[in-house]
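Undergrad: The first sequence runs 1315 to 1912 under our numbering.
Source of the hints: derived by calculation from the structure; they are not laboratory data.
Here the structure is a predicted model, which is why all the values come from computation and not from measurement.
Be aware that one or more of the hints could be misleading.
Claimed, not checked - Mimicking DSSO-like on lysine-lysine, the simulated pairs with C-alpha atoms at most 27 Å apart in a straight line are:
#1 K1473 with K1423
#2 K1482 with K1423
#3 K1616 with K1664
#4 K1559 with K1769
#5 K1496 with K1470
#6 K1851 with K1892
#7 K1496 with K1559
#8 K1769 with K1902
#9 K1781 with K1769
#10 K1756 with K1703
#11 K1907 with K1846
#12 K1664 with K1706
As the list claims (entries may be wrong) - Simulated restraints, written as ranges between beta carbons of each label pair:
#13 T1900 with G1557: 31 to 39 Å
#14 A1840 with T1900: 56 to 64 Å
#15 D1830 with G1557: 25 to 33 Å
#16 H1416 with A1714: 28 to 36 Å
#17 N1730 with P1605: 57 to 65 Å
Beta carbons are placed, not taken as given, at the ideal position from N, Cα and C, and that holds for glycine.
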Amino acid sequence: MSAEQNDPAAPAAPSDFIRDIVAQHVAERRYPQIVTRFPPEPNGYLHIGHAKSICLNFGIAREQGGVCNLRFDDTNPAKEEIEYVESITTDVRWLIAGWADHCLGFKPKGAHPAAVTSNGRPDSYLAPVAPGPDSEPFFASDYFDTLHAYAIELIKRGKAYVCDLTPKETEDYRGAPDKPGKDSPFRNRSVAENLDLFQRMTAGEFPDGARSLRSKIDMASPNMWLRDPLLYRIRHIPHYHAGDKWCVYPLYDYAHCLSDYLEGVSHSLCSLEFVPHRALYDWVLESLDLPRPLPHQYEFAKLAPTYTLLSKRNILRLVQEKVVTGWDDPRLPTLSGLRRRGIPASALRKFVTSVGVTTFNSVTDIAVFEHAVREELNASAARRLAVLKPVKLVLTNIPAGETVVCTATNNPQDENPTTRPVALTREVFIESEDFAEVPPPKYFRLKPGGEVRLKYACIITCDELVKDASGALVEIRCTAQLDTRTGQPNADKKVKGTIHWVSASQCIDAEVRLYDRLFTVPEPGAEEDFMKVLNAKSLEVVTAKLESSLAGATVADRFQFERLGYFSLDPKDSAPGKLVFNRTITLKDTWSKAPGKA
RNA sequence: UGCCCGAUGGUGUAAUGGUAGCACGAACGACUCUGACUCGUUCUGUCUAGGUUCGAGUCCUAGUCGGGCAGCCA
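Work out the full structure: start from the sequences and follow the hints.
TA: What follows is the structure in structure tokens.
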């Protein structure tokens, strides 16, 4: 039992098949410590799918008093860039902040594991440390020396050989899923020759693709990944992190399991497409005869929310073709986009945890995500009055220049809600949607001759409409029933509708960006071309009228604009004196879906 | 025509041989100075066929359907 489970105030720890396995291993004391890892390749931005993996790995570390290493799986110098390690580190730290920071495994800056000992743990077996000025994330590329030494050990054991087949020939020799492959003609080279050739590969004697280091397993295996998969390839390009020391680079299947081992990882969690690789993961570790306990790989299904596209390739296309403004566009499911949009990390965590961990490829209704966001924000966001699409309303019985001070509640969900003053004046703005000259059935809002309450102020009666020459509405003239204000004799008078408003003379302007889903179909990825199902109205920009207290808003603030939704300042485009708000999400709206509504 | 994995309401997930439950969603209703929140009611499910068993969502067999595997990507 973890401390968390003993704390009645903590939410019940989720359980799933992986956590069950981990719990069993903890009970058996199979590992000295539970160590997981989150191993992105720094070749793109993190998205909500990664959030599931992050929360699973850090969640387990957290529940078991272990650690989760952030490790960059950077074994392919052609694709990786420093820019991505920075964004990924930022995103991870944001997502786990206040929840699992204490589990984040970094390593001492510059630390590398020592060269292999043939049957023992490396001398500097890496123990994670807390993030700080003298620490940094883990990098698979820091293990290149060690990995290279292990490769030599594999050659000595007769389990790896240098192959001269071209990439095309290698493919042909591999056979097909239903056809066995053929042994490479270079498969039976002597250990001495393999050692010599591998040394010369490493020294840069051969061009890219001329030779490779291959495992010697079984070219007839029904598992394609066991048909002598490559361990090393030649690439004469520098590495963003390892520099220009190398021209041979290890492949994922070889590097990953050993990186896990070197870091003392106990449970290596990945997605379902790696199931066929598991046998290879084990083969490498066992072929080296490394001391137990060895890390093991477990696979789970990726997250696939409706109305969103998750693959890096597809998101890249949206960025390149300028459908969105960048990787951090608030409409994108990237962590940087979601953060910019105002989604709280806690809501994201709640969502990715609530979908569970299974081996079934499921599709998750985006409504589950939206529900998690609303639930979080409903509890924490300060309420404010804002009018997105204003129409002028004149309260004819309030003299110009007079201010009626009203009291508004900041958050009715608080145990002891605080209040703030808001100014009611002769001229106010109301939402154009809140007035209908010809109302649909069951319309509770303002209509000619009707009554409605101005939230926190008073009930008003609609007396008269003023239109311009073209017939367009210019202003609505009403009478304020001032004795229906809070504290006044008729405060308890009931009307069916309550609408939001702001004083026309005491409000501020702001740009407000209204986001909607990017696609019009639930599974854009299943479409022949997702560009054809783009939602043309995924972004609408309006100049809104806000209550003046919003002038002091900061990027960290989360607001509910009453009856509209949750909003926060755009961290990128807002500046002092220039407010730009993003709509994080609308309020749930059962009215707009009402049948019979015009 | 090979191998591996999977299948529980519209969606996601739980039940570890013993009452199919929870959440999202939807519908209706109550409440309401947010058509929000909250509360109440309702809705829909074990892929098929055999077998084992007192008893099967769970175990076995076969089938159906879906996913994955032939990068010198991760």
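Undergrad: So if I understand the rule, the pair passes when the alpha-carbon distance is 27 Å or less; does K1664 with K1706 pass?
TA: 41 Å, violated
Undergrad: Given a hint of 57 to 65 Å, does the C-beta separation of N1730 and P1605 actually sit inside it?
TA: 59 Å Cβ-Cβ, so the 57 to 65 Å window holds.
Undergrad: Keeping to a limit of 27 Å between CA atoms, is the pair of K1496 and K1559 held or broken?
TA: Violated, at roughly 34 Å.
Undergrad: Taking 27 Å as the top limit, are the C-alpha atoms of K1851 and K1892 close enough?
TA: 24 Å, holds
Undergrad: Between the beta carbons of H1416 and A1714, is the distance compatible with 28 to 36 Å?
TA: Violated, since H1416 and A1714 (Cβ atoms, about 59 Å apart) do not stay within the stated range.
Undergrad: Given the proposed pairing of K1616 with K1664, does the C-alpha separation stay at or below 27 Å?
TA: Given that 27 Å is the threshold and the Cα spacing comes to 16 Å, the pair holds.
Undergrad: K1756 and K1703: Cα distance at most 27 Å?
TA: 22 Å, holds
Undergrad: Hint says 31 to 39 Å; check whether the CB-CB distance for T1900 and G1557 agrees.
TA: Given range 31 to 39 Å: violated, Cβ gap about 50 Å.
Undergrad: With the threshold set at 27 Å, check whether the alpha-carbon distance from K1769 to K1902 stays at or below it.
TA: Holds, at roughly 19 Å.
Undergrad: Hint check: K1781 vs K1769, CA-CA at most 27 Å. Holds or violated?
TA: It holds: about 26 Å lies between the C-alpha atoms, which stays within 27 Å.
Undergrad: Please test the hint of 56 to 64 Å on the beta carbon pair from A1840 and T1900.
TA: 26 Å, violated
Undergrad: How does the Cβ-Cβ distance of D1830 and G1557 compare with 25 to 33 Å: does it lie in that range?
TA: The hinted range 25 to 33 Å is violated for D1830 and G1557, with Cβ atoms some 46 Å apart.
Checked against the numbered hints given earlier, the structure breaks hints 1, 2, 4, 7, 12, 13, 14, 15, 16 and satisfies all the rest.
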